[in-house]
Amino acid sequence: MDVLSDAIAAMRTGRPHSGRRDKYAPWGMRIEDSEGAGFHVVLRGSAWLLPSTGEPVALAAGDVVFLAHGRGYALTSGPDVEPEVIRFQPDAPPPPPPLRDAVSDTVLLCGAYWLDRSRAHPLLTELPEVVHLPARVGAHRSLRATVELLGAELEEPQPGSDIIVSSLLDTLLLYILRAWWQGEARADRHPTGWAAALADPAVTAALRAIHAAPDHPWTVEELGAHGGLSRAAFARRFTTLVGRPPLAYLTWWRMTTAGRLLRADDTPLRTIAERTGYTSEFAFAKAFKRQYGVAPGQYRRQAS
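So the sequence shown is residues 1 to 304, counted in the working numbering.
Honestly, the hints are just simulated from the structure, not real lab data. In this text, all values refer to a predicted model and were calculated from it rather than measured experimentally. Heads up, a few of these hints could be off.
[What the hints assert, rightly or not] Pairwise CB distance ranges, derived in the manner of DEER restraints:
(1) 2 - 302: 29 to 35 Å
(2) 286 - 134: 47 to 53 Å
(3) 244 - 35: 36 to 42 Å
(4) 245 - 155: 46 to 52 Å
(5) 295 - 14: 24 to 30 Å
(6) 54 - 232: 27 to 33 Å
(7) 35 - 301: 16 to 22 Å
(8) 86 - 53: 15 to 21 Å
By construction, the Cβ of each residue, glycine as well, lies at the ideal position given by its N, Cα and C atoms.
Generate the whole structure from the sequences, applying the supplied hints.
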């Protein structure tokens with residue numbers, strides 16, 4: 001699995017949810033702080049996004065916004081409209097489809113992903129409060145195609161729509177994040193950080209190696225060889241861009257993987273230790289407690 005997919009898998013819990021919203025001006029909805037990461041697509045009409053901090057953002061048809069950090073915000077027909085409070089409920093049933101004879105001013109595709117923020121991947125924590133992808137001709141074609149498919153499934157559910165919508169929501173999240181990071185890399189606004197790291201071939205090669213085989217006894221020299229760099233040059237570049245040394249990131253990712261495995265099922269601790277590069281259950285438990293503050297067994301019980 002690649003780095004971006006791994007980062008999402010490490011944080012995602014439960015199933016995402018979404019729905020089509022037909023709005024008639026004046027309208028407004030406020031989403032309070034939550035563990036969810038919300039997204040909105042303006043399928044028709046226009047809207048205003050009012051983040052918890054910063055200036056209002058005008059949204060036009062085709063615009064996509066993603067709010068990764070769970071801070072409250074409002075979405076309205078105008079910057080001065082008083083919004084109605086809506087609570088984020090990951091298990092809430094989808095809203096009913098719109099009436100056929102009703103013509104709304106604005107049509108939105110709204111949804112959220114349920115995230116475990118207790119050990120958030122820095123790839124996501126570096127995102128701004130609002131990721132805004134304006135509609136531009138020829139831009140983000142794969143993202144636009146996914147939005148169209150998702151909108152069609154939600155407007156007219158068919159047999160198999162539940163699985164299709166769930167898969168499209170996963171795809172949508174990846175396309176949103178990919179589009180933003182690619183845009184940041186092209187604009188060269190971030191000389192360091194994960195946008196720069198994912199644009200660097202040598203660092204990306206090492207990250208892929210770590211994520212593909214966290215159980216391997218990696219050395220800095222071996223990781224540097226994946227990107228064609230000497231040990232010293234690779235260590236400097238990796239640390240500058242990622243924010244921590246290569247082996248420190250390896251340990252962090254191993255423990256993040258271990259936490260996910262402990263939450264997922266009752267896989268024996270010895271097996272989890274082997275999958276995360278530890279030769280003994282004792283060494284694994286010691287490293288795990290150093291990172292999480294509790295023993296693996298206690299962590300599993302608390303997560304169940």
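Consistency of the hints with the structure:
The supplied range of 29 to 35 Å is met by residue 2 and residue 302, whose beta-carbon atoms lie about 30 Å from each other. Residue 286 and residue 134 have their C-beta atoms about 50 Å apart, which keeps the hinted 47 to 53 Å range intact. For the pair residue 244 and residue 35, the beta carbons lie near 25 Å from each other, so the given range of 36 to 42 Å is not met. Separation of residue 245 from residue 155 is about 50 Å and conforms to the stated range, judged on CB atoms against 46 to 52 Å.
For residue 295 and residue 14, the hinted distance range of 24 to 30 Å is satisfied, since their beta carbons lie about 26 Å from each other. Look at residue 54 against residue 232: about 41 Å separates their beta carbons, and that is not inside 27 to 33 Å. Between residue 35 and residue 301 the C-beta distance comes to about 21 Å, which sits within the given range of 16 to 22 Å. The given range of 15 to 21 Å is respected by residue 86 and residue 53, whose C-beta atoms sit roughly 20 Å from each other.
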